[in-house]
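Novice: These are the residues of each chain, in order.
Number of protein chains: 2
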Amino acid sequence: MSIRIGIVGYGNLGRGVELALRMNPDMELAAFFTRRPPETLKTLSPEVPVYHVDTLADFAGKLDVLILCGGSATDLPRQTPDCARLFNVVDSFDTHAKIPQHFAACDEASKASGKVALISAGWDPGLFSLQRLMGQCILPNGNDYTFWGTGISQGHSDAIRRIPGVVDAKQYTIPVPQALQRVRSGENPTLTTREKHTRECFVVAQEGADLARIENDIKTMPNYFADYDTTVHFISQEELLRDHSGMPHGGFVLRTGFTGENGETPQLIEYSLKLGSNPEFTASVLVCCARAVYRMNQEGQSGAKTIFDVPPAYLSPKSGEELREKLL
Amino acid sequence: MSIRIGIVGYGNLGRGVELALRMNPDMELAAFFTRRPPETLKTLSPEVPVYHVDTLADFAGKLDVLILCGGSATDLPRQTPDCARLFNVVDSFDTHAKIPQHFAACDEASKASGKVALISAGWDPGLFSLQRLMGQCILPNGNDYTFWGTGISQGHSDAIRRIPGVVDAKQYTIPVPQALQRVRSGENPTLTTREKHTRECFVVAQEGADLARIENDIKTMPNYFADYDTTVHFISQEELLRDHSGMPHGGFVLRTGFTGENGETPQLIEYSLKLGSNPEFTASVLVCCARAVYRMNQEGQSGAKTIFDVPPAYLSPKSGEELREKLL
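From first to last, the protein sequence lines are chains A and B.
25 is the number of the first residue of the first sequence in our numbering; add one for each residue after it.
25 is the number of the first residue of the second sequence in our numbering; add one for each residue after it.
I should point out that these hints are in silico values taken from the structure, not numbers from a laboratory.
Keep in mind that a hint or two might mislead.
Repeated chains share a single entry, so a pair holds when one copy, or any two copies, can fit it.
Using 16 Å as the maximum straight-line C-alpha spacing, the simulated EDC-like pairs for lysine to aspartate or glutamate come out as follows [unchecked claim]: (1) K220 - D253; (2) K122 - E211; (3) K122 - D50; (4) K66 - E349; (5) K122 - E349; (6) K66 - E285; (7) K122 - E288; (8) K243 - D182; (9) K86 - D267; (10) K298 - E288; (11) K86 - D253; (12) K350 - D267; (13) K298 - E211; (14) K135 - E288; (15) K220 - D168; (16) K122 - D168; (17) K298 - D106; (18) K342 - D106; (19) K350 - E132; (20) K342 - D192; (21) K350 - D168.
Use the sequences and the hints to build the structure in full.
Specialist: This is the structure in structure tokens:
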């Protein structure tokens, strides 16, 4: 019997989950839930019913796991605990500073219902967090480095779009190759914000707009750009659509450490992602986490969890025997 | 109260464990066990008692975890199940083909004793296995690639030393950069043994030995060298000691896959290790696995486990709250 999944929210991430489920034959996409009028939602899976999110309670006991595909700013802080009162859930809550509070709310809800709520799955938080954890455990005498990119930052692109005279924009976060090399060399550098990443902006301006002023507004924007070396390119809307419509992302987690009697032996662990599509990859992580959530709940666990709590074998459709024989 | 550890076997790996424990203040090195006359063993920790391995049974209940530092060929297949009848144990059993049988023997022993036996910890098997597992779970539509090196292969160095006329030798396994690049590019190449790795040998020959014959013996040796592009350098014993006494190793695990409606979106996960000392790094992995074993047993688990079964948080001395706040 396959694991019955409901997708809540149908943006880029929800669509990514829909596609990822097709590659996991032990799971079945049973329903979509949306805040829009259900009949207006055009999914890639016309055979799968679409319901209004307000009807979710009617599906208690009929779905094994809900994958929550809303945003971290306003959707998930309410939606994940609410859903955890009736369902096993997975979300990709990514506001790092608010994770403890989100965890507590989800833990209370899911302990009350006897369900499992896996929060902050994805790649950062998620896979990158796991690398940071393991790096520290294996090499206690060492340093962590996380670099992001090359990839589109939605938040920074939005910030540019709010500048008067800007029609559209995309912003790439780019790790500085020299900084990466210094880390890999075992130098253990202390890197400033400016030394770690550069920012490259592709901007469509209104006809007749003051380009010099827009460029200055971007480069001096506090928090977002002022602390970085930023490049601004003005291009046409056609060029933006043609060349910058993808949602690539990625990054690097490095742990440099020393072992040996006098800490003389350098050791380096490096993990990196190069993603053609950020939401499709995040969705792929959520889907295998949904499998783990289902299993953890089947064996009687409940409460909030993170990727730190998941035995990796639970992510896989294969048996322990098969994993040991083929992959260990 | 700290976790009391016993080290069984004092070669390079045992010494690595001894050193790694110094960086983990929640653990305490309580005893060494050796097959040699205990008084002849010179450790780096004169304050820690050394006992003969035959007295191990006297320590049942007095040690929390034994870290077994013997070899996979003859020591561990007997030692791990034997020790698991009385203790929680961790080993680095690395004969991939015999893992299922070793697991079964350890599972029986540790279930009978109510202890946990974590086998095949280290980096391959171990961390690399974990990456292979997670890569397959996240990107089911994809391919795995594992490359080893640059590093010393003990087995290949030994094979060269057995050739008549050879006094000493070290062999480096080296991943072919072009092959790595082809994998990273998303080409999904099918790579032959020769295309993936080269072998570089540093050989000390007896005075007057026939160097051309030795070189030919190496390059044509079945299984070990015949399928590879192999380079042989003859050097002096002094040069070998000076330049090739380290035990560096490392490697790469890559998962290339595709997501999207028509499998059109390339995704790449890459994990790599660059190790100044293979045994010191392996030891560092064993030590944090010993912490996990202790905890799993404390909460009532028993039986054989692998890294696939360990919730990552159990590897860390930090609390769940602290991990979520600082590392997620």
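Novice: The structure should be examined with respect to each hint, and the outcome stated for every one.
Specialist: Going through the hints against the structure:
Taking the closest pair of Cα atoms, K220 and D253 come within 16 Å of each other only inside a single copy of the chain (10 Å); across copies the shortest separation is 39 Å, beyond that limit. Proximity of K122 to E211 under the C-alpha cut-off of 16 Å is found in neither arrangement, the shortest distances being 33 Å within a copy and 40 Å between copies. Within a single copy, K122 and D50 get their C-alpha atoms no closer than 33 Å, and across copies no closer than 29 Å, so neither meets the 16 Å cut-off. When the C-alpha separation of K66 and E349 is checked against a cutoff of 16 Å, the pair qualifies neither within a copy, at 43 Å, nor between copies, at 39 Å.
In this assembly of identical chains, the alpha carbons of K122 and E349 lie at most 16 Å apart only when taken from different copies (9 Å versus 41 Å within one copy). In this assembly of identical chains, K66 and E285 lie within 16 Å of each other by CA distance solely across copies; the values are 15 Å between and 63 Å within a copy. Taking the closest pair of Cα atoms, K122 and E288 never come within 16 Å of each other, the shortest separation being 39 Å inside a single copy and 35 Å across copies. In this assembly of identical chains, K243 and D182 lie within 16 Å of each other by CA distance solely inside one copy; the values are 15 Å within and 60 Å between copies.
In this assembly of identical chains, the alpha carbons of K86 and D267 never lie at most 16 Å apart, being 43 Å within a copy and 66 Å across copies at closest. With identical chains, the CA atoms of K298 and E288 are at most 16 Å apart between copies only, with a shortest distance of 15 Å across copies and 32 Å within one. Within a single copy, K86 and D253 get their C-alpha atoms no closer than 52 Å, and across copies no closer than 59 Å, so neither meets the 16 Å cut-off. Proximity of K350 to D267 under the C-alpha cut-off of 16 Å is found in neither arrangement, the shortest distances being 41 Å within a copy and 37 Å between copies.
Taking the closest pair of Cα atoms, K298 and E211 come within 16 Å of each other only across two copies (14 Å); inside a single copy the shortest separation is 25 Å, beyond that limit. In this assembly of identical chains, the alpha carbons of K135 and E288 never lie at most 16 Å apart, being 47 Å within a copy and 41 Å across copies at closest. For a Cα distance limit of 16 Å, the shortest separation of K220 from D168 inside one copy, 13 Å, qualifies, whereas the shortest one across copies, 30 Å, does not. Taking the shortest alpha-carbon separations for K122 and D168, neither the intra-copy value of 21 Å nor the inter-copy value of 36 Å comes in at or below 16 Å.
For a Cα distance limit of 16 Å, the shortest separation of K298 from D106 qualifies neither inside one copy, at 34 Å, nor across copies, at 45 Å. Taking identical chains as interchangeable, the C-alpha atoms of K342 and D106 are never at most 16 Å apart, the minima being 32 Å within one chain and 30 Å between chains. Taking identical chains as interchangeable, the C-alpha atoms of K350 and E132 are never at most 16 Å apart, the minima being 39 Å within one chain and 21 Å between chains. Within a single copy, K342 and D192 get their C-alpha atoms no closer than 46 Å, and across copies no closer than 45 Å, so neither meets the 16 Å cut-off.
Taking identical chains as interchangeable, the C-alpha atoms of K350 and D168 lie at most 16 Å apart only when they sit on different chains, with a minimum of 12 Å there against 32 Å within one chain.
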